[in-house]
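Let the sequences and hints guide you as you build the complete structure.
Protein chains in written order, with UniProt numbering: chain A, 1 to 473; chain B, 1 to 473.
Result set (EDC-like, lysine to aspartate or glutamate): computed pairs, CA atoms no more than 20 Å apart in a straight line: (1) B/K122 <-> A/E141; (2) B/K242 <-> A/D213; (3) B/K122 <-> A/D136; (4) B/K126 <-> A/D136; (5) B/K210 <-> A/D213; (6) A/K210 <-> B/D213; (7) B/K210 <-> A/E332; (8) A/K122 <-> B/D136; (9) B/K210 <-> A/D193.
What the hints contain is simulated information worked out from the structure, not anything from laboratory work.
Protein chains: 2
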Amino acid sequence: MKLYEELAESLRQRIEQGFYAGGDRMPSIRTLVREHGVSVTTAQEAYRQLEDAGLVESRPKSGYFARVRCSTPELPRVGRPVRRPIEVSKWEDVLNMLGAETPSKVFSLGHAMPDFTGPTLKPLLKLWSMQARRSDMRGLEYDSLKGTEELRTQVARLGNHSGCQLDPDELIITTGCQEALFCALRAVTQPGDVVAVDSPCFYGAMQAIKANDLRVMEIPTHAETGLSIEALELALEQWPIKAVLVTPTCNNPLGYTMPESRKRDLLLLAQRFDIAIIEDDIYGDLAYAWPRPRAIKAFDTDGRVLLCSSFSKTLAPGLRLGWIAPGRYRTEVIHNKFVSTAASSTLSQLAVAQFIAEGGYERHLRKMRAQYQRNRDLMVNWLEQHFPAGVRISFPQGGYLLWLEFASEVDCVELNRELSDTQFRIAPGVLFSASGKYRNCMRLNFVNGLDRQTEEALLTLAALIDQRYAKAG
Amino acid sequence: MKLYEELAESLRQRIEQGFYAGGDRMPSIRTLVREHGVSVTTAQEAYRQLEDAGLVESRPKSGYFARVRCSTPELPRVGRPVRRPIEVSKWEDVLNMLGAETPSKVFSLGHAMPDFTGPTLKPLLKLWSMQARRSDMRGLEYDSLKGTEELRTQVARLGNHSGCQLDPDELIITTGCQEALFCALRAVTQPGDVVAVDSPCFYGAMQAIKANDLRVMEIPTHAETGLSIEALELALEQWPIKAVLVTPTCNNPLGYTMPESRKRDLLLLAQRFDIAIIEDDIYGDLAYAWPRPRAIKAFDTDGRVLLCSSFSKTLAPGLRLGWIAPGRYRTEVIHNKFVSTAASSTLSQLAVAQFIAEGGYERHLRKMRAQYQRNRDLMVNWLEQHFPAGVRISFPQGGYLLWLEFASEVDCVELNRELSDTQFRIAPGVLFSASGKYRNCMRLNFVNGLDRQTEEALLTLAALIDQRYAKAG
Chain A
1 MKLYEELAES LRQRIEQGFY AGGDRMPSIR TLVREHGVSV TTAQEAYRQL
51 EDAGLVESRP KSGYFARVRC STPELPRVGR PVRRPIEVSK WEDVLNMLGA
101 ETPSKVFSLG HAMPDFTGPT LKPLLKLWSM QARRSDMRGL EYDSLKGTEE
151 LRTQVARLGN HSGCQLDPDE LIITTGCQEA LFCALRAVTQ PGDVVAVDSP
201 CFYGAMQAIK ANDLRVMEIP THAETGLSIE ALELALEQWP IKAVLVTPTC
251 NNPLGYTMPE SRKRDLLLLA QRFDIAIIED DIYGDLAYAW PRPRAIKAFD
301 TDGRVLLCSS FSKTLAPGLR LGWIAPGRYR TEVIHNKFVS TAASSTLSQL
351 AVAQFIAEGG YERHLRKMRA QYQRNRDLMV NWLEQHFPAG VRISFPQGGY
401 LLWLEFASEV DCVELNRELS DTQFRIAPGV LFSASGKYRN CMRLNFVNGL
451 DRQTEEALLT LAALIDQRYA KAG
Chain B
1 MKLYEELAES LRQRIEQGFY AGGDRMPSIR TLVREHGVSV TTAQEAYRQL
51 EDAGLVESRP KSGYFARVRC STPELPRVGR PVRRPIEVSK WEDVLNMLGA
101 ETPSKVFSLG HAMPDFTGPT LKPLLKLWSM QARRSDMRGL EYDSLKGTEE
151 LRTQVARLGN HSGCQLDPDE LIITTGCQEA LFCALRAVTQ PGDVVAVDSP
201 CFYGAMQAIK ANDLRVMEIP THAETGLSIE ALELALEQWP IKAVLVTPTC
251 NNPLGYTMPE SRKRDLLLLA QRFDIAIIED DIYGDLAYAW PRPRAIKAFD
301 TDGRVLLCSS FSKTLAPGLR LGWIAPGRYR TEVIHNKFVS TAASSTLSQL
351 AVAQFIAEGG YERHLRKMRA QYQRNRDLMV NWLEQHFPAG VRISFPQGGY
401 LLWLEFASEV DCVELNRELS DTQFRIAPGV LFSASGKYRN CMRLNFVNGL
451 DRQTEEALLT LAALIDQRYA KAG
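Below, the structure is given as structure tokens:
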């Protein structure tokens, strides 16, 4: 055991024995150096280990603190989606939630925009600004169809974190993860085909299924272990399913990460039935545990996994930069990429590639993981105290999204409508179902933790639920 | 007649009487002021009128010169595409031309990248750089699904140039014109449908037709007046065509602008057969004549025209910014936009909107129109002198692309292959046909005029044709 590991271990024991409670200030670096006779680097590395383990957090200019931890709340129940392939509806609700037609100053607890106001993103903006002024004006050129070599190289390198051996020449940069999912779906299906998804499922993926004249087979999904392999197997035996689309790591909206053994099982099942796996990994790098969980793609032996991701949740969505590692479907994906957008924004690619190369991405991730994990704990504790009894709450393993399930009579579409007098909005659960299930569920983000505005919004919401469903409770 | 119009008229007469020959220096502003007793503003406005009329050009720091003009060359013949709906092939050739898989330092006379090295684009880069550093970091946000209000407002304003009354709220910003065309096609067709196109036709549009499982009906097209209305009418009587996709202004690759009367005829025909018109206007703002020709959309009374365009040819393709005015198909287009890329790059939108608002776009257009028109004349003259007898050359009315038709035995795919030892490449005509016609044709750009490298490339090409087809000549 190395010196910093020994030090980290001794601090870990003291935290777990309750010597440092959640929120307590940990000894400063200087104190550790003096008391343990170690170097500054060793003390720093020990705290880094504890941070990765989710035991301490650093606060700028204040030092290290033992994390406030919370236990798993009562989790949402496994959903009961329609047990046959169906068409996707709910576009009007999605459009309404996106606010595309009536942009306004609403404060949406339902959106999935990350926090990009922190200091660790500032260097990216600086690089962007510099790239815009480079004398060869490369940012203005058509980028290669598959993306700049600089960014593909960096994305391939980041693949190591998720256990994936990615070849820069195989990767294709896309306009966000949405384009990656869209191209992947088109590559592995024909109109009329059936695609299996975890349920609840990201509405963007489902709307892409709809747009391609596909039907969706929603698979019951556990809030801790993910899509039911058993239910998927039954569905595969019964229906002509061509692909399964899943978000197995830091799922949206449920927040779970499928255990690795289940990821392997899913892959084996896909191999047995010879179907493709479209793996949405967009929140994967925001897993609280580090090194982060491996992607299904990491175990792929015959190129049937199309790994889709982006920088929209880890850095910023305005970049519109995603990517796809398309496995054996590369020919189809590159044609789809060409016909849908021809190329991706060159300048953003150059800026992000440089940001990653200079270590900025990993610095930013470290900060955001800690922030989001802290926010999760605060939020779950708060909701358990202030929300109606019987509410079930997901326990995300990464990212910044919560899924809430209320008593069956609570109607979140109606709640959202009643909120229209306020500046607050939520994302009702029906968006995440092809057929409008999950009416008693909603997705909340905890990007900003319990700041004043969020707390006010949540209190408004809790009061509204109490008022409307008091007799039901 | 205003004073500057009188002055412009007298200068125009002297040019047309041969008093100033092509390339001659025109009187300086100071001379005009002294000799005609007018103000500096009047003299400047007179030259501005003559510039718009294509009679003089300004050269930075040198003053005004009478333009070298050339007469219409022998134009390419009307093509003879397959006379029934067919599937689109040639993707391998397109991929090869794009150089997506083998990026290298080739000098391509075939590509369609504009010149973005001039001083009039510098302010855009500066604005981009500034927007990247704005303190609210708005460039990082998810943009509204339909695009930023700033850019939609400016695009609507620019619509006046093409005679279109565009409503900012109806416009949708896209990731380049390719996404606009892709969304438009998907909005007006179902898999299996037939789409009519001008022939030769931009390969990106045809590959989008292919990707959506549509068949294409290529309509014979005249190098001066565009798609044959008569042939389209026959096709509409015979086949279940759902839409016609055309580039009627500064066509790619033929360069013609359909006369306004024929644009109206096309619209009437579309009304009669109740089909949609997808109008690609991507080169429209580069028309040499100013005010620019009106778009078909300008005459649209029932929302059947989907106007698609972008800044890729007028400013720079790396921006990935296009737009669509979808008429009555807005609901379908906005769904397609959402599922394919969710949003467009926010920062580029903000920078371009500001650039337009500050007058930078129109300044840049003025310069580029003059540059490309000058290049066209130089290029056509040069090709008539140096290229094999019998070559037919298009006479573009805008943009920077030429179409060359050689004797029938000349094989441009083979020529391109033989060029593989050099650093030069062309775009063979087969890319612009669904079935591989136009083998004896090629597209050349004249973005850089007759600079050293272009002239070297063209001489290499001419020598190769002479050497290989001498006996044929």
